[in-house]
Amino acid sequence: MKPFSLKPLVTLLVVSAIFVSTAAIPALAQQDISVQVTNAESGDTETNLPYLFAVYSITWIAFFAYLYYMSQRQRNLRSEVEELRQILAEKEGKD
Amino acid sequence: MSIGMVLKNGLFVVCATMMLVILYLIFMWVPTDNIQGTVQRIMYFHVSVAWVAFLAFFIVLVGSVGYLWKGTSKWDHLAYSAAEIGVLLTTLLLITGILWAKPIWGVWWTWEPRLTTSLMLWLIYVAYLMLRAYSPPGNQGARYAAVLGIIGFIDVPIVYYSVKLWRTVHPQVIVGPAASGSLDSSMRILLFLTVATFTVLFVYLLIDRVSLRKSEDEVEWVRGIAEQASHLPLSLR
Numbered sequence: 000m001k002p003f004s005l006k007p008l009v010t011l012l013v014v015s016a017i018f019v020s021t022a023a024i025p026a027l028a029q030q031d032i033s034v035q036v037t038n039a040e041s042g043d044t045e046t047n048l049p050y051l052f053a054v055y056s057i058t059w060i061a062f063f064a065y066l067y068y069m070s071q072r073q074r075n076l077r078s079e080v081e082e083l084r085q086i087l088a089e090k091e092g093k094d
Numbered sequence: 000m001s002i003g004m005v006l007k008n009g010l011f012v013v014c015a016t017m018m019l020v021i022l023y024l025i026f027m028w029v030p031t032d033n034i035q036g037t038v039q040r041i042m043y044f045h046v047s048v049a050w051v052a053f054l055a056f057f058i059v060l061v062g063s064v065g066y067l068w069k070g071t072s073k074w075d076h077l078a079y080s081a082a083e084i085g086v087l088l089t090t091l092l093l094i095t096g097i098l099w100a101k102p103i104w105g106v107w108w109t110w111e112p113r114l115t116t117s118l119m120l121w122l123i124y125v126a127y128l129m130l131r132a133y134s135p136p137g138n139q140g141a142r143y144a145a146v147l148g149i150i151g152f153i154d155v156p157i158v159y160y161s162v163k164l165w166r167t168v169h170p171q172v173i174v175g176p177a178a179s180g181s182l183d184s185s186m187r188i189l190l191f192l193t194v195a196t197f198t199v200l201f202v203y204l205l206i207d208r209v210s211l212r213k214s215e216d217e218v219e220w221v222r223g224i225a226e227q228a229s230h231l232p233l234s235l236r
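For the record, the sequence lines run as chains A and B.
In terms of numbering that gives the first Met the number 0, the first sequence is residues 0 to 94.
In terms of numbering that gives the first Met the number 0, the second sequence is residues 0 to 236.
These aren't lab readings, by the way, just hints derived from the structure by calculation.
Hints are supplied without guarantee of correctness; some may be wrong.
[To be verified] Taking beta-carbon pairs under 10 Å as the criterion, some of the chain A residues facing chain B (in silico):
id, residue
1, Asn47
2, Leu48
3, Leu51
4, Val54
5, Ile57
6, Ala61
7, Tyr67
8, Met69
9, Gln73
10, Leu76
11, Ile86
12, Leu87
13, Gly92
No residue lacks a Cβ here, since even glycine has one placed at the ideal position from N, Cα and C.
With the hints as extra help, turn the sequences into a complete structure.
Next comes the structure, spelled out in structure tokens:
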């Protein structure tokens, strides 16, 4: 087994950090304009709740489904490796 | 346990903790928009998903350039994995956008520049994945896909600047270099935290997917060798 290299992970984290900073810095540097904001208590929080619920549940379901799909792929690969090992062992036995 | 596994598990714990924190902040801490009402809280996930999708397609670009330049499969694995996660994120971007548009605009979809270019972005990278799925094994499919990965990225700045370039009903950009929309300071901080959280989630998914892709490639290679040795196709699932 190859030793694990930290280089790609560190590079990926640095690239991501730069990307997030690009998103955040101009936004944080803006003037504090709170014209559109009111307190949660005075706002109509009941309106359109099903849409909000749908967005948050769909996002979570999608991420969990993707993680499940990857774990299934991993399981299939493991059984495929096992099958290959058996086939090669049988062939070696015949030879 | 290897350092890689410790780091991956650590990243998962960090991501899960950040997710719980941002969910609490989104629903309990941040004020409600007095025009859009509570549905405005969709924005935190919608904008974060968009930004991380752009990051994913940027990594596809980097991986594609790296593959065409160096010709090593690790760049191809990176590009393919990022494209797959990018498509998932763009799908979520479109769905969350549609669910925000209905209560705010009164329609599920309208053919305005931001929505249309976003749909095009999704189609480009779905085409990328289809090209990979239907191309024969070997380097040819990876090379064609790398070219598509580079050309496809042209649509990312078009999507981002579409609200500046054309007259549109979509809200102004509130994240990144072209930011001009106004947000309360607490909303801005929360949006930054949500973008950071989704970035950590993306890095976690990408590490997992690249490692899986590498294993798939290795199994394919071993199968090829075994087939050559036996002169018969091996019937595997």
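Does the closest beta carbon of chain B sit nearer than 10 Å to the beta carbon of Met69 (chain A)? 6 Å, holds
Are Ala61 (chain A) and chain B close enough, Cβ to Cβ, to be under 10 Å, as the hint says? 6 Å, holds
Is the hint on Asn47 (chain A) kept, meaning its closest Cβ partner in chain B is under 10 Å away? 4 Å, holds
Interface hint for Ile86 (chain A), Cβ within 10 Å of any Cβ on chain B: 6 Å, holds
Using the nearest Cβ pair, does Leu76 (chain A) come within less than 10 Å of chain B? Holds, because the Cβ-Cβ distance from Leu76 (chain A) to chain B comes to roughly 5 Å (cut-off 10 Å).
With chain B as the partner, please determine if Leu87 (chain A) meets the hint condition of a C-beta pair closer than 10 Å. At about 6 Å, which falls below the 10 Å cut-off, the nearest Cβ of chain B leaves the hint on Leu87 (chain A) intact, so it holds.
Given Gly92 (chain A) as an interface hint, is the shortest Cβ-Cβ distance to chain B below 10 Å? 13 Å, violated
Restraint satisfaction for Tyr67 (chain A) [CB to CB of chain B, less than 10 Å]: 12 Å, violated
Is the hint on Leu48 (chain A) kept, meaning its closest Cβ partner in chain B is under 10 Å away? Holds, because the Cβ-Cβ distance from Leu48 (chain A) to chain B comes to roughly 6 Å (cut-off 10 Å).
Per-residue hint verdict: Leu51 (chain A), partner chain B, C-beta under 10 Å: 6 Å, holds
With a cut-off of 10 Å, does the beta carbon of Gln73 (chain A) approach a beta carbon of chain B closely enough for the hint to hold? 6 Å, holds
May I ask you to test the interface hint for Ile57 (chain A) with respect to chain B, counting a Cβ-Cβ separation under 10 Å as satisfied? At 6 Å from the nearest chain B Cβ, Ile57 (chain A) passes the 10 Å test, so the hint holds.
In terms of the numbered hints stated before, the structure departs from hints 7 and 13, listed from lowest to highest.
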